[in-house]
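Asks: The lines below spell out each chain.
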Amino acid sequence: MVFHSLRVVVAAAKFNLIITLRFFSGTAIALRLFAPIMTLGSAWVLYNQIYRGALTPEFGTLDYLSFITIGNAFYVFVFAAAFVVGRVMFWERATGTIEATFMTPMNRLAYMAGIMVAAAINSLIDFAAVFIIGILFGFHATSFNVLLFLASMFLTALALFGVGLIVNAVTLTLRDRTTTANTLMILFLVFSGLVCPIELMPQWAQTISKALPLTYGLKVMRASLLGTATFDLVYELATLSVIGAIYICVGALTLKLIERNLKKRALFSVF
Amino acid sequence: MRGYSSAVEARELSRDYISARRNRFVGRKRTTVVKALDNVSFEIQEGELFGLLGPNGAGKTTTVKILCTLLEPTGGHAFVKGYDVVKEAKHVRSIVNMVAGGERMLYYRLTGRENLTYFADLYDVPRKEVSSRVNKLLELVGLSERGNDEVEKYSKGMKQRLQICRGLINDPEVLFLDEPTLGLDVNIAKDIRRFIREEIVREQGKTVLLTTHYMYEAEEMCDRVGFLNNGRLVAVGQPEELKRKTPSGFSVELMVIRLTDDAFEGLKLLKNVTKVIATEYVGETEGEKIDRLIINVESDKAVPAVLDYMSAKHCRVVSVNLRGPTLEDLFMFYTGET
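Residue numbers (the numbering used here), protein chains in the order written: chain A, 1 to 271; chain B, 1001 to 1338.
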């Protein structure tokens, strides 16, 4: 049972990476670099030309480009972890492979985990690219706490995996992945403190941000690279772990319910 | 393994499809219930090739999807090797597989070999056996040389053959074949039929449920058949047994030139003619179209009267073929389809 699940994780990751690598091209890489260049370029213009380098103390740093570079890198990671998983069933249904795949006795969570592993590995290119482009715009890491860095990545990835499982239900119900993904990405972008500290937001917005795992992961990652540990790090990591566990439990239940619903409503092959 | 009497058993299986539609953007939804399966019961014995026949929309695919755990019934129960397909779906999944004609069910960006290896992993096929099993299956369907090509480069027939390999990758005890030769070239379809009959059923002893609306396919392959019509199982048995029981008598197949509506209608009134069940345009000769008629008659003595009548109506009969009932006749008899 456990060995089969591990085998499914490896197989799903391996074959999804094969598909990605087989159709890898220079154009695809160029397109993937375009978004971070534009985002960080816009941030550079805003920070240097409009706000003239002025930051409030809530940022925890005077280096906005480093602040936004880390946020942007995490954003790329979120996309891979949460939204690639979130559209798995939609994609399988669109390509006509969902019945063949879900007819097997594999563990569904293991399958989703394998897809996320592939997506996360694939996203490392974008993740690294954001930091490299960030350096060109002025990113400067004042410290590098490897343990904190990896902990933030790992725990956030786990929590986002749970989010992705829930997103599957939304994409399948709405029969749309683009609108769903864009809406949720905006939610994460605005409320997780990617572009500005959540302390600057209204109280109601801060309440939303507390429910998003990215908020905590981002704080830990910024602390690992910028040394801005002005908060209780243990509390942040513990909260991230608890939220992650809740999201995974809800996600696993949602996945079970989606499959049941597809079987009940005869929607496995309907697209 | 628990005890069971049949490899596959359906007990009063029902399935409703509910569609809801709103007339305008707002307002109450109107729901329509379509009974795709209505109290269907049948059994398939170990090592048997059972054909489920019926016109489009009869409920064949619905039955297959319930049996391979992709769809839940709204009523009744189904068992595969004694396992309940709803309550023990995971057990069922490990011992069955399904191949559907006209469906994709393969990853086009992976090679044939990668597809099979991937599904072998998902089915937890013993690691030591994966490579040899993949090679053997590719060889069986004649795809060994193209196994390392991406599936998107395959022809339709090659994709279908690879689908059959996918269907056999977990060495299933029960195999569901839903229109496996749909849209394939005659030669490829013939190869696939031979492969299913000789290799999968005779050599490997697997239980197979085949759905098709090609009657010659069912006649050539099946040990027993069941006719589904409007979600109801209207007859089950061995083809020969059903032919004996069915009062369709003899059939006269006529190829006719210059068939008129008047002549066609008049045929039905002739003595000893029980049914004129089909008329279709089948081709042209000397610039005139040829129609095909299948006329059910009570005895072969009615044939001269039919020919005299056609002559009197100035219809030129190109060929006459007298034959006993076929599965096609049974299909028409039980489903009312032409």
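To be clear, the hints were calculated from the coordinates, so they are not data collected in a lab. One or more hints might be untrue.
[To be verified] Capping the alpha-carbon separation at 30 Å, the derived lysine-lysine pairs in DSS-like fashion look like this: (1) B:Lys1289 - A:Lys264; (2) A:Lys14 - B:Lys1156; (3) B:Lys1243 - B:Lys1156; (4) B:Lys1156 - A:Lys263; (5) B:Lys1268 - B:Lys1301; (6) B:Lys1035 - A:Lys256; (7) B:Lys1159 - B:Lys1136; (8) A:Lys256 - B:Lys1087; (9) B:Lys1029 - A:Lys263; (10) B:Lys1289 - B:Lys1313; (11) A:Lys264 - B:Lys1090; (12) B:Lys1087 - A:Lys264; (13) A:Lys263 - B:Lys1136; (14) A:Lys14 - B:Lys1159; (15) A:Lys256 - B:Lys1090; (16) B:Lys1275 - B:Lys1245; (17) A:Lys264 - B:Lys1035; (18) A:Lys14 - B:Lys1289; (19) B:Lys1128 - B:Lys1190; (20) A:Lys263 - B:Lys1087; (21) A:Lys14 - B:Lys1029; (22) A:Lys263 - B:Lys1243; (23) B:Lys1090 - A:Lys14; (24) B:Lys1153 - B:Lys1090; (25) B:Lys1128 - B:Lys1153; (26) B:Lys1035 - A:Lys263; (27) B:Lys1128 - A:Lys14.
Asks: Now tell me, hint by hint, if it's right for this structure.
Replies: Now for the hints, and whether the structure bears them out:
1. B:Lys1289 - A:Lys264: Measuring from Cα to Cα gives roughly 49 Å; hence the hint is violated.
2. A:Lys14 - B:Lys1156: Holds - the C-alpha atoms of B:Lys1156 and A:Lys14 are around 27 Å apart, at most 30 Å.
3. B:Lys1243 - B:Lys1156: Violated. B:Lys1243 to B:Lys1156 sits at ~35 Å, over the 30 Å cutoff.
4. B:Lys1156 - A:Lys263: Distance of about 28 Å is within 30 Å: holds.
5. B:Lys1268 - B:Lys1301: With a Cα-Cα distance of about 16 Å, the restraint between B:Lys1268 and B:Lys1301 holds, given a limit of 30 Å.
6. B:Lys1035 - A:Lys256: holds, 26 Å
7. B:Lys1159 - B:Lys1136: With a Cα-Cα distance of about 17 Å, the restraint between B:Lys1159 and B:Lys1136 holds, given a limit of 30 Å.
8. A:Lys256 - B:Lys1087: Cα-Cα ~14 Å, so holds.
9. B:Lys1029 - A:Lys263: It holds: about 22 Å lies between the C-alpha atoms, which stays within 30 Å.
10. B:Lys1289 - B:Lys1313: Roughly 16 Å between the alpha carbons, so the hint for B:Lys1289 and B:Lys1313 holds.
11. A:Lys264 - B:Lys1090: The given pair, whose Cα atoms are some 17 Å apart, holds under the 30 Å limit.
12. B:Lys1087 - A:Lys264: holds, 14 Å
13. A:Lys263 - B:Lys1136: Distance ~34 Å between A:Lys263 and B:Lys1136 Cα, so the pair is violated.
14. A:Lys14 - B:Lys1159: holds, 22 Å
15. A:Lys256 - B:Lys1090: holds, 13 Å
16. B:Lys1275 - B:Lys1245: OK: B:Lys1275 and B:Lys1245 at ~17 Å, within 30 Å.
17. A:Lys264 - B:Lys1035: Holds, at about 14 Å.
18. A:Lys14 - B:Lys1289: violated, 59 Å
19. B:Lys1128 - B:Lys1190: Not OK: B:Lys1128 and B:Lys1190 at ~33 Å, beyond 30 Å, violated.
20. A:Lys263 - B:Lys1087: holds, 13 Å
21. A:Lys14 - B:Lys1029: This hinted pair is violated, its Cα atoms lying about 45 Å apart.
22. A:Lys263 - B:Lys1243: The given pair, whose Cα atoms are some 37 Å apart, is violated under the 30 Å limit.
23. B:Lys1090 - A:Lys14: Roughly 24 Å between the alpha carbons, so the hint for B:Lys1090 and A:Lys14 holds.
24. B:Lys1153 - B:Lys1090: violated, 34 Å
25. B:Lys1128 - B:Lys1153: holds, 29 Å
26. B:Lys1035 - A:Lys263: holds, 16 Å
27. B:Lys1128 - A:Lys14: holds, 19 Å
Violated hints, listed in ascending order, are 1, 3, 13, 18, 19, 21, 22 and 24; each of the other numbered hints is respected by the structure.
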